[in-house]
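Please take these sequences and the hints and turn them into a complete structure.
2 protein chains.
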Amino acid sequence: MTGDVLPSWNDGPARAAILDFVARVTTEGGADFMPPAERIATFDNDGTLWCEQPVQIQVFFAQARLAELAEKDPGMRERQPFKAFLEHDFKTIHDLGKQAVFEMAFATHAGVTTEEFARIATDWFATARHPRLDRLFAHCTYQPQIELLDYLRANRFKTFIVSGGGIDLMRNVTERIYGIPPEQVIGSSVKLRFEMRDGRAVLVKESELNSFDDREVKPANIGLHIGRRPILAFGNSDGDLAMLRYAKTGEGPRLALLIHHDDAEREFAYDRDFRLSPLAEALDKADEYGITLVSMKRDWKTVFVN
Amino acid sequence: MTGDVLPSWNDGPARAAILDFVARVTTEGGADFMPPAERIATFDNDGTLWCEQPVQIQVFFAQARLAELAEKDPGMRERQPFKAFLEHDFKTIHDLGKQAVFEMAFATHAGVTTEEFARIATDWFATARHPRLDRLFAHCTYQPQIELLDYLRANRFKTFIVSGGGIDLMRNVTERIYGIPPEQVIGSSVKLRFEMRDGRAVLVKESELNSFDDREVKPANIGLHIGRRPILAFGNSDGDLAMLRYAKTGEGPRLALLIHHDDAEREFAYDRDFRLSPLAEALDKADEYGITLVSMKRDWKTVFVN
Chain A
27 MTGDVLPSWN DGPARAAILD FVARVTTEGG ADFMPPAERI ATFDNDGTLW
77 CEQPVQIQVF FAQARLAELA EKDPGMRERQ PFKAFLEHDF KTIHDLGKQA
127 VFEMAFATHA GVTTEEFARI ATDWFATARH PRLDRLFAHC TYQPQIELLD
177 YLRANRFKTF IVSGGGIDLM RNVTERIYGI PPEQVIGSSV KLRFEMRDGR
227 AVLVKESELN SFDDREVKPA NIGLHIGRRP ILAFGNSDGD LAMLRYAKTG
277 EGPRLALLIH HDDAEREFAY DRDFRLSPLA EALDKADEYG ITLVSMKRDW
327 KTVFVN
Chain G
27 MTGDVLPSWN DGPARAAILD FVARVTTEGG ADFMPPAERI ATFDNDGTLW
77 CEQPVQIQVF FAQARLAELA EKDPGMRERQ PFKAFLEHDF KTIHDLGKQA
127 VFEMAFATHA GVTTEEFARI ATDWFATARH PRLDRLFAHC TYQPQIELLD
177 YLRANRFKTF IVSGGGIDLM RNVTERIYGI PPEQVIGSSV KLRFEMRDGR
227 AVLVKESELN SFDDREVKPA NIGLHIGRRP ILAFGNSDGD LAMLRYAKTG
277 EGPRLALLIH HDDAEREFAY DRDFRLSPLA EALDKADEYG ITLVSMKRDW
327 KTVFVN
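Line by line, the protein sequences are chains A and G.
So for the first sequence, the numbering used here puts the first residue at 27; every next one is plus one.
So for the second sequence, the numbering used here puts the first residue at 27; every next one is plus one.
One should not assume that every hint holds.
Just so you know, same-sequence chains aren't split out, so a pair can sit in one copy or run between any two.
Cross-link-like lysine to any residue pairs, in silico, SDA-like; alpha carbons within 25 Å at most [as the list claims (entries may be wrong)]: (1) K311 <-> D224; (2) K217 <-> Q125; (3) K98 <-> R241; (4) K217 <-> L235; (5) K109 <-> A154; (6) K109 <-> T134; (7) K311 <-> R219; (8) K311 <-> M222; (9) K217 <-> T275; (10) K311 <-> E221; (11) K323 <-> Q106; (12) K98 <-> P304.
Since the hints were made in silico from the structure, they are not lab data.
Here is the structure:
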């Protein structure tokens, strides 16, 4: 019977751990049964649900936005960090680090309303392509993970994204590409200012950071947005470790999963040295913390969606 | 057919406006049809879903907590604002204003984990009774609103709470009393700190305010938590006006509703002079802003749940 589910996952310990866990929490009367309301599953996005190489999709989006802004202000082309973005100088971008890069990206939309931003994002996702994978960014998602999200929801899990990526950029596509509605997406955010414009209430994105949703902030934002401890969490970097441990150390059945990008042929192979989102501590301590490692190379039959 | 729904609502303009709105947005092929994903409805809590007199239920909870703390530190009984709380001196509490009172209430749980807090709240709700209504606080909810929430969900609306009340206190009961799960509750909050305690990850409530979810902050928090503009919003005070206008001024069909507490006999009669949550501007401008007034006296057949 389990041959029908998760068809893009190879038989092996990772797939078995998922199937076993879902069977246990959904078996009524069983020792590990969890009512549907408690079946909260949280997923990182960059590197967990879609590709984050050579830089996060957020960064490509910021590059496109900066290119537009630079048409009005050509001097930007000579100023850092804009210069690095505009020249796709990934080395310099990596050196800046994830929070600095993302904050810069968020700042390019200060003064824009959430609805204007949604139009900008929709337009960009409609045509922008990943430079190395030669596919739309919205199609840089992992097929095995789409199947896992569907499988969990079929078993009455509620699936959430908890990502360092900008909350509004993700929300523009998550329902379409993952089946996850905007209200189940948690991410980094800037402050929003309520304003009446020509008799119409709008929310304006400010330049001030509200939350950088990474590391210890992830479980804190789960507390704020969800208010329940997840029973399953899935990540791929040290930025997810606090969330994985928050899920794993709750009472009752728990499953924490970590993708290891070890597949240079079909995707990318990286861990400790990826400065925008390193995987080191979580990899070294996975056993000790009870985290199930997923090897992209070994555990996934296919990588990207068709 | 419509006689079956909203049985605790009297026939009249408010009930008719609700039925008409729901019929329009759910009629496939109609000009005002909205897909289920867009059917977001946001409700204030204090004074909209449950009673907020003579003070918000949050304040009674804080009183109980302070009484416990005062057993260890009797000097608190002589210090303001604790003295006013411990003596149930509502006049002084009203003079402090809602934000000051709520912040004080939140501060009584600094250092407590979210799970410890949940146990404290569960214990309190199990036995604490409203002093004037002589019923459990968890039963101080309005029957017509419970019916409205059910009716909206039956029509594939997703119902949210957006309240100035403390997010964790509400989440302790909202699923049980309103059918609204924790992840659909937005409220005031303190910052949460991730911590490992004896190998177990916990979230600790800090004394620092994260968000006081009132007035212009309500739509901003809707932007953060939901990421979609509600098509229906329901409130009862000036603290809800920004949310009502945010819902009402979106494109397409919209419904904004405002309860007027004008029923001294069955509940309480108050508006402009209730300093903890006045209703003045929203009442004066309801017509201009297209907000539908609900008179508790005229529109509700019954007030409280059985």
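Hints, one by one, checked against the model:
no., hint, in the structure
1, K311 <-> D224, "between (56 Å within a copy, 17 Å between copies)"
2, K217 <-> Q125, "both (16 Å within a copy, 20 Å between copies)"
3, K98 <-> R241, "neither (37 Å within a copy, 37 Å between copies)"
4, K217 <-> L235, "both (6 Å within a copy, 15 Å between copies)"
5, K109 <-> A154, "within (20 Å within a copy, 62 Å between copies)"
6, K109 <-> T134, "within (14 Å within a copy, 50 Å between copies)"
7, K311 <-> R219, "between (42 Å within a copy, 22 Å between copies)"
8, K311 <-> M222, "between (51 Å within a copy, 15 Å between copies)"
9, K217 <-> T275, "between (32 Å within a copy, 21 Å between copies)"
10, K311 <-> E221, "between (48 Å within a copy, 18 Å between copies)"
11, K323 <-> Q106, "neither (37 Å within a copy, 64 Å between copies)"
12, K98 <-> P304, "neither (36 Å within a copy, 48 Å between copies)"
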